[in-house]
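Residue numbers (our numbering), protein chains in the order written: chain B, 1 to 467; chain V, 468 to 709.
Think of the hints as simulated: they come from the structure by calculation, not from any bench. Treat the hints with caution; some may be incorrect.
[Unchecked claim] To give an idea of the chain B side of the interface with chain V (calculated C-beta under 8 Å), a few residues:
| no. | residue |
| --- | --- |
| 1 | Y27 |
| 2 | S30 |
| 3 | Y52 |
| 4 | L160 |
| 5 | D162 |
Given the structure is predicted, the values throughout are model-derived calculations rather than measurements. Note that beta-carbon positions come from the ideal geometry of N, C-alpha and C, so glycine has one too.
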Amino acid sequence: MAETSDSGRTMDIIKVYAKYFDIIDDYFGSIKHYLGPEEDSHIDLGYSIANYPLISDLIYDATEELDLEIEKYWKENLHQLIDYAKLQNVLKCVYSGDISPTILENFVKKSALYIDTIILPDPIFNLSLFQRQILSDNKYYLNKLIRHVFNIWKLKDLILADTKERIILILPINLDLINTKDRNILLNNADASILAYLGSVFNREFNDKESCFEFLRQFETSAALFTNVARRDLLPNEFQKIETFIEFFERFSETGKYSKIGTDSIGESFGLYISSQFVRVQEHRFICDRLIAEPIYDYELPWFFFNYEIGGLDMDASIATALQKEKFEWITKVPLAALKIFREENKLDYMRCAIRRGLTDLKAKNDKDLIEVSNIVEKNLHEEFMRQKSETEGLKREVRDITRKEIPITTGGFLAGFIPYISNIVSLLMAGRDITKMIKRKKEIDQNISKKECNYINLLMKSYERN
Amino acid sequence: MKETRMNFFVDGLRIFLDYISRQLRKNPEYRPHPLIRALMCAIHDIDKINVGETVGGISQDGTSDSIYEPYAVMLKKREDGIEILEIRNLKVGKTLPVDVMILIFRLQIQLDRIVGDLIDPEDAVNALNAVIPGKRFFFLGDKWKEARDEFRKLMEEGKVYFPPDQEMINALMKIRFDTPWEEYPNNIRALIGSSVAKKYGSTVVITTPKIYKIEKYKVFDMATQFLMGKSSEYLKPFKKED
């Protein structure tokens, strides 16, 4: 009975997400066939459309009502999905760090090997209802919208797949959706953290944000700002070298041109970036707590600030985040369809045990810890592949033994109507039964081998070996 | 005229037509601009023809007191998509460049956002400026007194060109200092607007009194007159090809 109601609930959730994709289809269905098989085709599509003369303006105008449509959709479905997400007693991870992961498909391929459910902030909701208000360039917005919409669209089959646990749940996640009281607490916490962090970085005491920004505003170049940092060890890795620091903030200032929130100097941009990170961390932690979920990141910068503020990820979050490391890129070479089958066949627990082998408790507090976790995960995967390989080899050996030694002689004699040591009908029948049994066994092993060779883990193994 | 565009262009148009379909779903009485209806008819039939063949769509209100001008759109099916052969205003017998067609589509979207068939002149100007680059339109509104004084100054300096229309001059003579803007004849308001346009850095000054409303279809007329009028660089007289 409980099973029926669970499956009924799951089907309801699939229907709700089917409606989500109907909205995307209604607005962008005419261009979906431009989405190529390349992993970054959604990025190309966003860029091409946003830069297409005349048509980009028309598309911007014609899809402007998407904000109202998505708002209505979430008004109708939010509570059902939040309740569902909360009730799922599985390993859930909430993504944060960008509108959506750069290449969602790869992010999911890596994450869904270990975690049951990835909770993604709805990019349409965040872009159309919030980001658009602060962006001054329509083409820039359209580029982002199309890019992230099709990033999600590529995962449609997986999101709607009939799996035991939902692989992906899309939810509207935004600070503005949090009730005023909690939001104010989060913002106050963030403000205190920003002042403390920047105070430590510059070895100064800031009493309030105004005086902090006044100090930062004096730095007009990245180089000037960098040389005034007293504690570079408190900065993320990417900011610890002047070249990468300058490169990052030049890029950040460049994107700032598309925003209505103008900054007067690089120093102010730096302050703005750091502030946004601490606010994001507060929001992320709050959402994770509410959904009884772990945080997950796909790149170092946002993860760094979460770590700094919260003090390290727990075991499952560490493993899930470690899987995003570049060294696991080979995981992404396995087709998404295979992942879908893997999850439909409920193989996740098996894989999770293999990845977690030998790990009982850990906390990744810094990049070194995360590298260590990723090394253990890699070792576990390697061992699992070796075990799987030796199992397949064992089965193949068994088949060889049956085929080479026994079947040819007995079957040959049987088929020729000549059985050695025939004395009566019974022995003939027994010999026949023996052969039938062996053929049946061979068939079973063959099927088992073919199943093993085609399964997701074996495809992963092949990709790992090619790496 | 031959306007060739990549597939992508037509698919972009389909996104717009999906927008029109959504409006129709919301309101079955929704009546978009006839050019849009002509395009919808043509695109609807494109799947029924073979590569190399052409299809056309025509739309007009079909009544003697039609407020919209009739349009025709001709499309040709190609291996790699659709070619827009011609967009023609049947009433004035002129072709429209694709650029103007896109602006009309965008204007439709802007006007759809304003409820009702009658809209405030200020909203009309905002809609026009949202789609026609360069903030060409200016709504005079409360600045009419300032414009009136500027006009008088220009008149005194002999910088106003008066059309040879005695009736208009007589009407102008009747205007007093305390005459409310609403009581100015339309052509006098228009003359003042065009004379002071430079002052407001615009090409067209909309002088409709603030308390009046403008029919939506007239906003399309304002756009097409501006984009296709005699002084417009977009003007391309239609020549019938044999």
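Worksheet item: Looking back at the numbered hints, which does the structure fail to meet, lowest number first?
Response: 4 and 5
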